[in-house]
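**Student:** My request is simple: use the sequences and hints to build the entire structure.
There are 4 protein chains.
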Amino acid sequence: MNVMKPIKHVLADNDVDKLIKNMKSAGFGAKKLAQAVDILEEAIKDEETKLFIGVSGALIPAGMRLLLKDLTDWGDVFVVTGATLVHDLIEAVGEKHYQGNELADDVELNKKGINRIYDVFLPNKGYEELEKWLHTIFDKIKEKYGDKKLSIKDFIYEIGKQVKDEESFLKAIVDKNIPIFCPGIEDSAIGFHYWSWMMKDSKNRLNIDTFEDIKDMMDLAWTSDRSSIFILGGGFPKDFIIQAMQFSPKDHSSGVQINMDREETGGLSGAKLKEGISWGKLGHNAKHVSITADITIVLPFIVTSLKKRLK
Amino acid sequence: MNVMKPIKHVLADNDVDKLIKNMKSAGFGAKKLAQAVDILEEAIKDEETKLFIGVSGALIPAGMRLLLKDLTDWGDVFVVTGATLVHDLIEAVGEKHYQGNELADDVELNKKGINRIYDVFLPNKGYEELEKWLHTIFDKIKEKYGDKKLSIKDFIYEIGKQVKDEESFLKAIVDKNIPIFCPGIEDSAIGFHYWSWMMKDSKNRLNIDTFEDIKDMMDLAWTSDRSSIFILGGGFPKDFIIQAMQFSPKDHSSGVQINMDREETGGLSGAKLKEGISWGKLGHNAKHVSITADITIVLPFIVTSLKKRLK
Amino acid sequence: MNVMKPIKHVLADNDVDKLIKNMKSAGFGAKKLAQAVDILEEAIKDEETKLFIGVSGALIPAGMRLLLKDLTDWGDVFVVTGATLVHDLIEAVGEKHYQGNELADDVELNKKGINRIYDVFLPNKGYEELEKWLHTIFDKIKEKYGDKKLSIKDFIYEIGKQVKDEESFLKAIVDKNIPIFCPGIEDSAIGFHYWSWMMKDSKNRLNIDTFEDIKDMMDLAWTSDRSSIFILGGGFPKDFIIQAMQFSPKDHSSGVQINMDREETGGLSGAKLKEGISWGKLGHNAKHVSITADITIVLPFIVTSLKKRLK
Amino acid sequence: MNVMKPIKHVLADNDVDKLIKNMKSAGFGAKKLAQAVDILEEAIKDEETKLFIGVSGALIPAGMRLLLKDLTDWGDVFVVTGATLVHDLIEAVGEKHYQGNELADDVELNKKGINRIYDVFLPNKGYEELEKWLHTIFDKIKEKYGDKKLSIKDFIYEIGKQVKDEESFLKAIVDKNIPIFCPGIEDSAIGFHYWSWMMKDSKNRLNIDTFEDIKDMMDLAWTSDRSSIFILGGGFPKDFIIQAMQFSPKDHSSGVQINMDREETGGLSGAKLKEGISWGKLGHNAKHVSITADITIVLPFIVTSLKKRLK
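Chains as they are written, first to last, in the working numbering: chain R, 2 to 312; chain V, 2 to 312; chain B, 2 to 312; chain F, 2 to 312.
Within a straight-line C-alpha distance of at most 30 Å, the following computed DSS-like cross-link-like pairs (lysine-lysine) qualify:
| hint | chain 1 | residue 1 | chain 2 | residue 2 |
| --- | --- | --- | --- | --- |
| 1 | B | Lys150 | V | Lys145 |
| 2 | F | Lys9 | B | Lys113 |
| 3 | B | Lys25 | F | Lys165 |
| 4 | R | Lys162 | R | Lys150 |
| 5 | R | Lys216 | R | Lys154 |
| 6 | B | Lys113 | F | Lys6 |
| 7 | V | Lys216 | B | Lys97 |
| 8 | F | Lys70 | F | Lys19 |
Treat the hints as calculated values from the structure; they're not laboratory data.
**Tutor:** Here it is, written out as structure tokens:
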């Protein structure tokens, strides 16, 4: 008991980084948020530590695109959902997400050609423009590769290289030559627009291998003396990042997770990072924190604080 | 569709208030957080608007005491749980809450006399010192009032007047002469320490009327031309604040709620503020936002932003 | 590892009790549900065990009234919210709750005088009839007690004795002479209808003592050689039931909790029962299970299974 | 108001199907559970309705394997996670999941070679035996197909045909010749065991096309005059099932979803089915219900009730 640290009550401070530091001596989510920034700062500052970042959920529709782009300054590996790529590309081709309302009448929205993502609206035109653009890209890839095999990562890179939009998350990753994985990319508008491209001509077929990327991911895992994970959401980006360590002799040295899923229902997304220790996904002494929060609420503060500390 | 506003992606900014303003053009929780600050700012700036603040949950153990004290600069009425008073008084008598660990062994903690509130520890000594202090206060109240009736508010004020600690939330309320209500105060250590005081002497009885405060609360509701609510948590502080309007011809003009309870299970805490419109608790045109978040994560940012705007 | 029991996959069975027994060899919530029925069965069958039942949330509007009445066959002490009493009494005076829709337009509902509780509708007439009836009861209590002190329990009993409806939860409690507590009763329509009764005549005052019931509750706690708790929801019914043990040398021997609140935000409702061990609220060896569920989904199955086992 | 149906309070009944029917006149989750069974019954009884079932989460570790097998009597299309296949295959090769404890020490578990899935334990041996078995299957597929292209569905079928275990979910699907899709299969132990197979010999390569299945899925969507969806969990099984309709002129006619994810954070899993109407994923008049529950708690009752009604 003599080692217990008393709670120090948080003082308001208009400096984001100082305020988060003030929260470190509090409890509950406040403390966890401050711990998360410390863990990430340490991982990023250590040149030997590889930072694996997983992204799922509709973060770009909700306005997090530039913050994700900021993460490309620090992440060594990205694993994302197909939807994340789609949302980024929709904006890259000049379309927009709009502020909407979660209580809107979905029948009326459908009549107007507006798709709802909670309180964000995405007009059909976003998908139409994306489809046209992707078909031209698929044509180019066909021309370049013919029947030669591509991994999903190769395929994403070929798409990313064609993006001109300087605010694009994918363009930033490709420009910096960071490995990006997207298991399950077929389950996204990229997959469905690929299908419509296939339907146009029987020659429209690429040879994209389902399992090829695992080698690269396993190489990244095996060669990481120290690694850290930053899980935004859950789903297969989380799984792919931590399961790679289950099947390697290494484990992640630290980690931060942010989502609002529950652990009691036993799903992977809701599992606290601590559970990963039993699996050998995280090390016995890994520093880890699982924050229960809406990512869009905490990511702006976390990225801001990191930028302050790392510049 | 021509009126739809495109999402503007959030730019990191180390100025809390600017960052929150940046979040206003986003979606999901980010947007709601920014809307909340605007609603509160408007309510506080308007001298005609009475701001009712409800506080539940273990906010003081988690380090929110000074932020709650900040709220006393703006709130016109407070409704709190007995536990909130207890946590404030434990610190006022010189005891502390400590940073702990949610994974601690509860049997071991019990053997050491340490009570766990998620990841915050509170040694038994906190209750022991509080009990001694409260017994002296109860003696004083007995001396002053004898068998005369007190309302719960009177009783809280008598306690609050004896607090010396300048960081105390309750002292700030009492010093500023702000109405404070605590329905269900008996369900708290104040109630149980009152019981131990009763056990010491058969004369140890105060005459604290259960229903007396409702008159004052209803007067406050009836005389509010404009009112706003700020609900931290839920429970009966929320209920008391909004139900007062159900039974008055008025309704609240705006409101902010922060908690993580679910609406699907039908409990009052999880109900979005919108539901209150059907009851006449909120007005048809009330601006309202219900944020799904851990209060300890968002309150520091909200208070900071408000202080910046209101100074 | 040689003692680990393999998961046995659940077999469908149209006998509720058998199906729940099948679920005992599963994992996650399925197992917890089955454990809960076992814990409750054991507590009820043991004549020496006092069963404390806490009820919060809008269970009666959601159709749980007869199941709560079933619980009066087994519970030795009830702690309920004022709203639970109100919902029971609204039906007792002949009014109804109605099946509604959580997506209804709250402004339109308000214009029609319909109050929404998630997807249940309660017309204003429910409150109007309750108010008329309660005023007649308050008159009777005034006549009987004059200025004499009542505890909240006495007050509830006086109301309950006047209920004629054989389906009433409160009538069942009163008829069986079971202790019932309702800290915070003032924060309910009973409180607000008491206020309107006070407004009618300056003599309309009862002398209801806020703290009187704690003695009875503490007596029940101190005299319980073995006790068990069944927490439906959380809030102050949970707190009152477990905090009584914190301030007694005893502790609860077993417990079941059902709600959907989160532990990460540090509130009492979301805390798992295990946390209570650190406080001395539950014993070191207490069997306990905290189910994460909508009470209206699991209570029908739990009560059914218990009725089967206990008849 | 004259059309409003009063809540009828649920009567305990040891007949699962009758009890669920009793719950239909209640509110909250109770009503939704009853509606779900009705929607599924109608979809299954109608020979023209194709039922798409999505499965995610660790349902088999939690004891739901035989209930999932029951669903193969009714489902016309399955979309599952790779983990679901892995869990099924681990049991098919003779290994087991075990009842564990969510509070276990993860470091100790790791030392013992036990992996934790909330309160279920899975020893490493499960993965070791699976790996050996899968390598023999991959050899057989290589022998049969050489460099010929397989879709993921073909690949799963080749695996499923080798399963002998009569309790296997996958074997039941394959035996009944039901289409099964698993976008993202590479993100699972199947993917990682495929990698270790690749590492053994440079000839160990199959040609499994990432996008091939979308054609079949779209054909199923386009040829569905009426379709219904049953979403257990969320993730990409949900996405694949509903996005197929976004890109077809059809839409799903009815649907049931069970999970505990939140809609406020904007992720697809937590979105209520209603949101899908804006996207053209569900029809304007689709009957749909989204249940907020732990699947392991409600699935046993739903399957039991359906078996009763459909036999």
